[in-house]
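Trainee: Each chain, written out:
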Amino acid sequence: MTDTSRIHLPMQLGGIVRQAWRDLLSVYYANTPVWRWLKSGALVFLGFFLWMGGNVLLAYWPDATALQYAMAYGFVLLAWGPLTHLLVVPTVIRLRRTAQRPLVRRFARHGSKINFGTFLVIVAVVGTLAPGVMLLDFSSGFGADAGGDVTAELTCETGAEAVSCEVETSTGVDHVVLTSGGEVLDRSDEPPYAVSASRDALSDGPSGAQFEIELRDANGDTLRRFVRTV
Amino acid sequence: MSAIASLFRNDYDSDGFRTCSVTGLDVHRSVENHVKLFGLTAVIALAFGGIFAFTVAMTRWEFIGFLDPGSYYTHLSLHAWNLLIFWMVFMEIAILYVGGPMVLGRTLPLRRLATAGWVIMALGAVGVNASILLTEAPNEAPLLTAYVPLPVSPWFYGTAIVFLLGTTIAALPFFATIWLETRGTRRTLPLVAFGAFITGIIAVEAILGGIAAFAYAFAWRIDLIASVDPGIYRQLYWIIGHGSQQINLLAMITVWYFLTHVVGGAVVVSEKISRTAFVFYLFFINLGAAHHLLVDPGVSAGWRIWNTSYAFYGAAFASMIHAFAIPAGIEAGRRRRGQGGGLFGWLTSAPWGNPVFAATVFSIILFGFLGGITGVVMGQMQVNMTWHNTFAAVGHFHATVVLGTTLAFMGLVFFVIKTMFRRDFVSETLAAAVPYAYAGAMSIVTLMMMYAGILYGVPRRTAEVVRNIPGSEFSFAAAIPIFMIFGLFAVVAIASGALFILVSVGSLLFGDRLPGGDDGGLLPEGGLHADGGQPIHAVELRGTFTLCLVFLAVFIAIYVLNWYLVTQLWAIGA
Chain A
0 MTDTSRIHLP MQLGGIVRQA WRDLLSVYYA NTPVWRWLKS GALVFLGFFL
50 WMGGNVLLAY WPDATALQYA MAYGFVLLAW GPLTHLLVVP TVIRLRRTAQ
100 RPLVRRFARH GSKINFGTFL VIVAVVGTLA PGVMLLDFSS GFGADAGGDV
150 TAELTCETGA EAVSCEVETS TGVDHVVLTS GGEVLDRSDE PPYAVSASRD
200 ALSDGPSGAQ FEIELRDANG DTLRRFVRTV
Chain B
0 MSAIASLFRN DYDSDGFRTC SVTGLDVHRS VENHVKLFGL TAVIALAFGG
50 IFAFTVAMTR WEFIGFLDPG SYYTHLSLHA WNLLIFWMVF MEIAILYVGG
100 PMVLGRTLPL RRLATAGWVI MALGAVGVNA SILLTEAPNE APLLTAYVPL
150 PVSPWFYGTA IVFLLGTTIA ALPFFATIWL ETRGTRRTLP LVAFGAFITG
200 IIAVEAILGG IAAFAYAFAW RIDLIASVDP GIYRQLYWII GHGSQQINLL
250 AMITVWYFLT HVVGGAVVVS EKISRTAFVF YLFFINLGAA HHLLVDPGVS
300 AGWRIWNTSY AFYGAAFASM IHAFAIPAGI EAGRRRRGQG GGLFGWLTSA
350 PWGNPVFAAT VFSIILFGFL GGITGVVMGQ MQVNMTWHNT FAAVGHFHAT
400 VVLGTTLAFM GLVFFVIKTM FRRDFVSETL AAAVPYAYAG AMSIVTLMMM
450 YAGILYGVPR RTAEVVRNIP GSEFSFAAAI PIFMIFGLFA VVAIASGALF
500 ILVSVGSLLF GDRLPGGDDG GLLPEGGLHA DGGQPIHAVE LRGTFTLCLV
550 FLAVFIAIYV LNWYLVTQLW AIGA
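Heads up: the sequence lines are chains A and B, in that order.
Take the first sequence: its letter number 74 is residue 73 in numbering that gives the first Met the number 0, and every next letter is one higher.
Take the second sequence: its letter number 373 is residue 372 in numbering that gives the first Met the number 0, and every next letter is one higher.
Isolated chain B (complex conformation):
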């Protein structure tokens, strides 16, 4: 118990503040302890959900065929809720506290509310897990979609609502901080706080949609109302179903800006443009949910076309801005410090041995190439039909929330271990290996998911993958080579995830305590604010420009290939 209590101790002054030796921020005890509390809970959810990643992957890999179909869906539901929701959302509340009171140098307002929020969230999370684990026929495990009239335990809907209410309560201190900061002043928020604020707004939208959807289904399950309209339910559901992943996206991008600056020496090339991109997200990112409803009969052609083309590009445009702004910030920052000439010298000289930097940059690259491109491709009304409800859709969201968000959050956890828990890694080598092993193996897993789905039409959600799929007319045995690669690399990826948990928990329990003022080797050469000399507009950004050209070339190739595949689905007069 004392070991856990010691995790929450640091040297604060009489006002409860201390100056962070890495970020230079004035950090108050109340903020730091709540960030630790939410962060630790998130890691527990990650570890728990990761166990089911193993059982699920070893079932999809039919060579092993670990679980029977009944157990598979229960395990898949536990995997999804713990990793897509609990790991992410607990981390996101921590990020709101970092982006709000910590960056602004304030105490955490409404502290009891923050703690109460954590308690209610934790109760909700335990309740959701229990309701899934205890599911009995005729009820079904809900996965994430829990579509009505699929019979799902009312306990599930009830506890999911509790979790969402807890999240709302936990977010209130952040909004209070922003209100206190901006009250009576025209001063703008720092970019990281601004990003966190937009994240918070989108989170509120998503949570309200979730409460509405689950309350509707809950009322039906406890017989308060006789029936539900599945069409309306799905519209409501996808406000949170996809909205929760948009929170992940924005939180991840906020983390990118924060960590590339602190550990990579990045600067913000243009605050206005980066802020504008966040505002674009505010208006357009939720439209991404539309691709789940394109095969629904109840939506008009106008609705489909608006959501999947004109308006959808607003979000894609915002992502393009961040995709340029963040590497450009790294290049500009490092060139101003005189760190690396040539086309990619700024990148080759970057601190790749630092797991925080490596995890963040891998997250940027892999999210962009694998998650972002496929998201835009799949978001197209026509191309969506070849992806949706195949394993390719699973590949897409593993590319976004695993290779993107989880990798970025892993970097953040490593960062928090050194800066807030003030612990050295139990092994620098193992910590440095985590992002490489995890990103490498998970990338191949994700690619195989996409290939199996888009090239063979392998469905998602079924335990039996390549043969004996109930009700199907055909076998997918031809996809076996792809699943062999998938299975082998899934084992490596899960082992790498386990290594992350071991290094993190091991460092907290057995890592040496960092002395006051020690930056733990996190800061780039020249410190956080090195004297750069050159003004930002005079710095050459040809490395980023080249990378963007490569990105666009890949984008075009994948876009064209997918459209070509669509054209091959039928042939007039053939």
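Only chain A is shown next, with the shape it has when bound in the complex:
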């Protein structure tokens, strides 16, 4: 007795692959307005996923250059996906039906391959060059090399009539202000940046009288803010 399923298995697999390819092509060339938008939207999603996912994994595996190409694929896909399905595929289909000149007919016959090939070349270039706009920064603001981050220690004393505070280890700070209810109540330009205010001057916050200590740079921009409740 012959095992027919074993004999036909390669043929069956081949049939499945051929059918899958035909199905893929039918989706690729589906050209109603709705499907153009659906495919474009799906590719934008895929693009974001690859771009962001590649970036985050690259933060942990900085040597994995293959991730740069995955990121580049996603990054370029954000624009190229909609371009392909809103413009290139409809144009190719129209030209295949209407083009008279041999050169145009030839272009139409291979239009999708040219489009995909161009896309891959751009992905390869962008992946290799890895431009800054494609790379998301996961280190800024964290750790010792964070340029704009200011760590400081705030010590406050609350008396019956007044509050007073001092700031220690305040590298990068130009001046310190004590505010409450949006109004500046005191300011200090020299270390140890001692500021104080009367308790009556403090406005109410959600859990009682509240004031803020802001560490500012020379331009007046806030580097760090502490919120304290009396």
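Hint data in this document are derived by calculation from the structure and do not stem from the laboratory.
No residue lacks a Cβ here, since even glycine has one placed at the ideal position from N, Cα and C.
Keep in mind that a hint or two might mislead.
Reference listing, derived: stretches of chain A covered by chain B, where coverage requires no fewer than 3 residues with Cβ under 8 angstroms from a Cβ of chain B [claimed, not checked]: (1) 23–31; (2) 39–47; (3) 52–61.
Below, a sample of chain B positions facing chain A; criterion: calculated Cβ distance under 10 angstroms [to be verified]: (4) Ala136; (5) Pro137; (6) Gly341; (7) Leu342; (8) Phe343; (9) Ser348; (10) Ala349; (11) Trp351; (12) Tyr435; (13) Gly439; (14) Ile443; (15) Leu454; (16) Tyr455; (17) Ala476; (18) Leu560.
Partial pick of chain A residues on the chain B-facing surface, computed with a CB cut under 10 angstroms [as the list claims (entries may be wrong)]: (19) Gln18; (20) Trp36; (21) Gly181; (22) Gly207; (23) Gln209.
Chain B: place on chain A using the hints.
Mentor: Quick look at chain B alone, frame taken from chain A:
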């Protein structure tokens, strides 16, 4: 005034019934008018809450930085209460009346109670809005959580209780209908009525929890009791805090079954399996609330593990069943009608130009891929720690209740405009554009929220997003590119929401009245019950199977990536 009164007029027979030209249901005046009343109120809440969507989004987008921190929390509270609660709950009462008396062809029992319920709900909603708007220090705007001992106005708790009581009263006619229908018979309810019934049961659970939580806090705020236990309060609170969103989920799935059948020609592949999935929800969906309590000190390890793994999968399993059953129903229904061959022909030939169908299918796809997957991922005890209280959690619930529920309800509003108000759209093109524009833009907004939260740890609730966050040690300036994309698409999404309101209200006021018997172009080719020929088990469902494989592949990729991120949080011996 006469224009509004005319909205509630239709041609009924001497018994007050008429036959719907789209669904074929016998609709009684009492049911229809109450559905319209609750639906219109919901749209007003949507419009009001949508205004605050703009101010909140433009504040989170620090490039604009619209509001100061004090005003931001008030606006955020108004946004949340009007969109997560009032828009949804008014719609859900309408859905209960559709799923109950309308589908069953009955009159609405206890009509005065239904109207009284609406009045009390409306008073409660206005009261909650007023209490938030008039919040003054030392009180704080409550957002949704209103955690004790955060000082929140007692008026807020009082009016929220009024709203919940009104909702209970408004739901009673639905339960009376089910009781009347099933009394003395072993006949089962139609699937849509069954789904609405399970929704109603979960709603009762949630409302009881809400009344208990808010009454407890209210008693404390008016000095009836000296203190409250924050741990007990949070347990009580999350019965409604998350339970209210489970009502949204079930109502949405009920709407999916209803609308895909009516406008897409879907059939139910297996009633028993779909009903079983609803019953799974009944027992397990409320456990989703557990992920809010995982960082609380008062719950045991056993409690955490049970709620976030073994039992939690009961709800995930139910969702998987619906995720297969509904597209399979569309594929089977359309193939039986001979509409589309090949792998996806049934889908490519679907009525995508019909905004009701498009909104429903986008709701299914986007809820599944963005809301459902992230819900299961975030519901895991370990992975939850990287999501909770970051902007990613906000992204998750925008994916569920905005891309899922709101989109489905938008489709339902369009459906009601044609079938119950009997008005043609003021512009078919603009109506058709709404689900595409809204779903597209809101999807990107939601993705950016998730990326900002999960990749950068950007917190939720703060007005200042990427710099100067009070008390924080670091800046999130690196996340600025993500917020630029977020902000731009938030503007498009809000504009699309405004377009929905304009088309809906414009159609009610200026749309042509549809003549009797006209289906308004809603029905699929071949009508509601086309002769399919093939029995359902003989229909090939390989398109749905392929889509499910894609879904599972995405699920696995996201699951693995999130677990990988968890493993990178610390390194032993490093």
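Trainee: Could you tell me which of the numbered hints above are not met by this structure, giving the numbers in increasing order?
Mentor: none
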